[in-house]
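There are 4 protein chains.
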Amino acid sequence: GKRKVAARTLSHFLIFLILLNIGLAVLETVPQVRTTFGHHLRFLQLGSGFIFLIEYILRLYVADLHPPLRRYGPLWSRLRYAAHPDAIIDLIGALPLLFVLFLPNQAFTIVVILRLLRFLKLARYSPALRSLISAVVGERKALLGSSMIISGVILLSATLMYLVEHDVQPEKFRSILHGIYWAITTITTVGYGDVVPVSNLGKIVGSVVMLMGYGLIALPVGIIASAFAREIHSRDFVVTWS
Amino acid sequence: GKRKVAARTLSHFLIFLILLNIGLAVLETVPQVRTTFGHHLRFLQLGSGFIFLIEYILRLYVADLHPPLRRYGPLWSRLRYAAHPDAIIDLIGALPLLFVLFLPNQAFTIVVILRLLRFLKLARYSPALRSLISAVVGERKALLGSSMIISGVILLSATLMYLVEHDVQPEKFRSILHGIYWAITTITTVGYGDVVPVSNLGKIVGSVVMLMGYGLIALPVGIIASAFAREIHSRDFVVTWS
Amino acid sequence: GKRKVAARTLSHFLIFLILLNIGLAVLETVPQVRTTFGHHLRFLQLGSGFIFLIEYILRLYVADLHPPLRRYGPLWSRLRYAAHPDAIIDLIGALPLLFVLFLPNQAFTIVVILRLLRFLKLARYSPALRSLISAVVGERKALLGSSMIISGVILLSATLMYLVEHDVQPEKFRSILHGIYWAITTITTVGYGDVVPVSNLGKIVGSVVMLMGYGLIALPVGIIASAFAREIHSRDFVVTWS
Amino acid sequence: GKRKVAARTLSHFLIFLILLNIGLAVLETVPQVRTTFGHHLRFLQLGSGFIFLIEYILRLYVADLHPPLRRYGPLWSRLRYAAHPDAIIDLIGALPLLFVLFLPNQAFTIVVILRLLRFLKLARYSPALRSLISAVVGERKALLGSSMIISGVILLSATLMYLVEHDVQPEKFRSILHGIYWAITTITTVGYGDVVPVSNLGKIVGSVVMLMGYGLIALPVGIIASAFAREIHSRDFVVTWS
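From first to last, the protein sequence lines stand for chains A, B, C and D. So that you can map any letter, position 121 of the first sequence is 121 in this note's numbering, and since no number is skipped, the others follow by simple counting. So that you can map any letter, position 147 of the second sequence is 147 in this note's numbering, and since no number is skipped, the others follow by simple counting. So that you can map any letter, position 42 of the third sequence is 42 in this note's numbering, and since no number is skipped, the others follow by simple counting. So that you can map any letter, position 241 of the fourth sequence is 241 in this note's numbering, and since no number is skipped, the others follow by simple counting.
Simulated from the structure, these hints should not be mistaken for lab results. Check each hint, because a few of them may be wrong.
Because identical chains cannot be distinguished in the list, a pair is counted as satisfied if it fits within a single copy or across any two copies.
[Said to hold, decoys possible] DSS-like mimics (lysine-lysine), calculated; alpha carbons at most 30 Å apart, straight line:
no., residue 1, residue 2
1, 2, 172
2, 2, 141
3, 4, 141
4, 172, 141
5, 4, 172
This one's a predicted model, so the numbers in the text were calculated from it and none came from an experiment.
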């Protein structure tokens, strides 16, 4: 009764804190926001960093009470818990604080990425990511097979386009690697338009790649989408082991 | 017999009037049309506005005759009807007239939006929107789960791209928010080409995001499309409570 | 035996002639080809035009021998056949000749379109188009319903974008009609990049439209694709009434 | 036992060698890499070329021991094996060496393509390509039918766009062939933006093509994707005849 309400309130608070932190990490890169609210943001980041650190320490401390881990004794149960993906994600969530405290004004890139990786903490509260991982693992052979076909088509069309367009646009198609970038933007139908064929032969090759690529990219996408739908419907959406 | 024909004629007339009004609201923003046919458009808009107002008043007036509402008495039945989404949509359809009458040459933005919102009145005559809502509600957990995954991927790729491209294109990748705009145009495969990676590392990150994003965006899309198809086939397409 | 072989040879020859004619109609618009091979192309076009005219006249002449038409008598059976879509397509295929003969150097646009419409003559030899029409007719209510939702979203996002971007880019977003063009390029994920939001608010609106639109456009596409697959698998691919 | 381990080690080594060769062929087109590591790359290419040649000769030599070929005698069994797609792919993998040895500094284009075609050698180790070929063959009628519809729509929209935009943008829409390039970029939703309609009528035609094309391109894609998923799930993923 009462303990369940407390647990739910706590988890709602933690979800809110994670979302707040991600929002703050994003907003902190906006120059106007940083100059105006820099101090407040820093304070909020530090505060929630402490909460995430305390959360990690507490979870690690009570790990020996978990039924499946209890039999390993006080030390091994905690070490085993620390090696669990959930615990590693919690540790990643607590790391930015340590970086900021002990390496001030350094390692900016790492701190920003680590802050955003706190998003992974939400995986604990949602079974969708686990469904996706199950779907990918279950269909790994079909995915690997169709990825190989797509890689081959990307490689071949990149090479053809490189050979056709290299002399006309030496800047855009400097090597086959640049051709691969073109092939990926084309086959995924993103089509930025920053690298396009200009010669007639290049346009013919490009048209064939577009028509073929559209069909090929659907092969793994269809497999993973239906496997995910099956997975997510078979789960009963109960958070099991938080 | 005869009453049914009258009801159908009236509903066809109202559908025609809604479509006419939407067309007029769109055309009125074309400068040439506004200068030439401005007066006629104004007259037609006012006229149909009155019809929508009368429709709303009449529907409200006869609300106490509806079998499921009758037992609430003359006042409460009408208040309950006024709170029904259908009645609110009808009220929104009648609002532009009131705005134009009492706030002339003001609140242009609101009036234009309200006029277009008359489109919602068509929902009364089609069960498709209700099917879509049922599909979304029925699959809300799967949609929320896959939306979370996509949000995470958008956030992470936006951050990576911001870190990689911020120094090369400080104008385009001013903050992670700009990176999120890039990530959304890329993952939905819209690919305008107004914000693209220019550095080699950025192109590699972009290629990975394209290949991953294409598969991820298919997860909720496949779920909602099949749920909608199921919903719409299970309905017998009879307008029930007009 | 022998007659069947003759019939198949004739139909293969006609398919070849149709494809040749379409190829010629396309090539004739290439300036270099027109100046060099203009006379030969004209000769080939006229020749195949005569064959299509003779084909139409012969088919019309023997129409009274068709079992389902025979009972209408010599005149009515031919008139009824002339009203059949297949006969109308054949007539369209024969029209360019008449235009060229009696209206030389005129009505260029109509002649080019009519020549390309000969493509429809291939529908006689393939049941795929009929499968598609059956699929569209069978799912017309679901398609109409989801088209209405998509129209509503296109209209609303066009209006919002017009209101947001009209002042910033009066050239690009001159009226809601221009906004509709933007909304269609965005929701279908074509994303040319010729009309894009530039203000921050416009980019937010655009991002929401992209994410929503991708899911909405899949609704009718999924319905029609699965209905088409069902139709085409249920047919036994036998040309029935040529 | 031991022989199986040896066979697996050899096939892993060959897969590694193929991937290495493809990587090197791609990297050799990067100017900086070619100038710095040119000699090493050349050495590696020649070395692996010899290994692929030896592999081809050995496979051909032992072809008369294959149970299904043994009964044809020493000569015919080898000739029959040489005509098998797998053997032809192996020969293609060995050809670049011969070209480089006997035609130095010539036929650059052919050598680059042949090197990349070594990718096909991987087909031996993955049943995915065979599943795709089976899926295409099994659904050839449905694919041909829907391809015909798409070709017709591409042709018709290319012609319409050519007629509408030719006078406004004579450079971009020089002939219907250029219109076909536009139509393919639009219908596959790639949408580079290098060729776009600028007139109002052109934008209307373009919008219709986008909305229609999106639905049409899904017809063959859906058929091939579900047939591929069926094929790949029915196979037991055992490499049968290596």
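Outcome of the hint check:
no. : hint      : verdict
1   : 2 x 172   : neither (65 Å within a copy, 51 Å between copies)
2   : 2 x 141   : between (47 Å within a copy, 26 Å between copies)
3   : 4 x 141   : between (42 Å within a copy, 21 Å between copies)
4   : 172 x 141 : neither (35 Å within a copy, 40 Å between copies)
5   : 4 x 172   : neither (60 Å within a copy, 48 Å between copies)
When each numbered hint is compared with the structure, violations occur for hints 1, 4 and 5.
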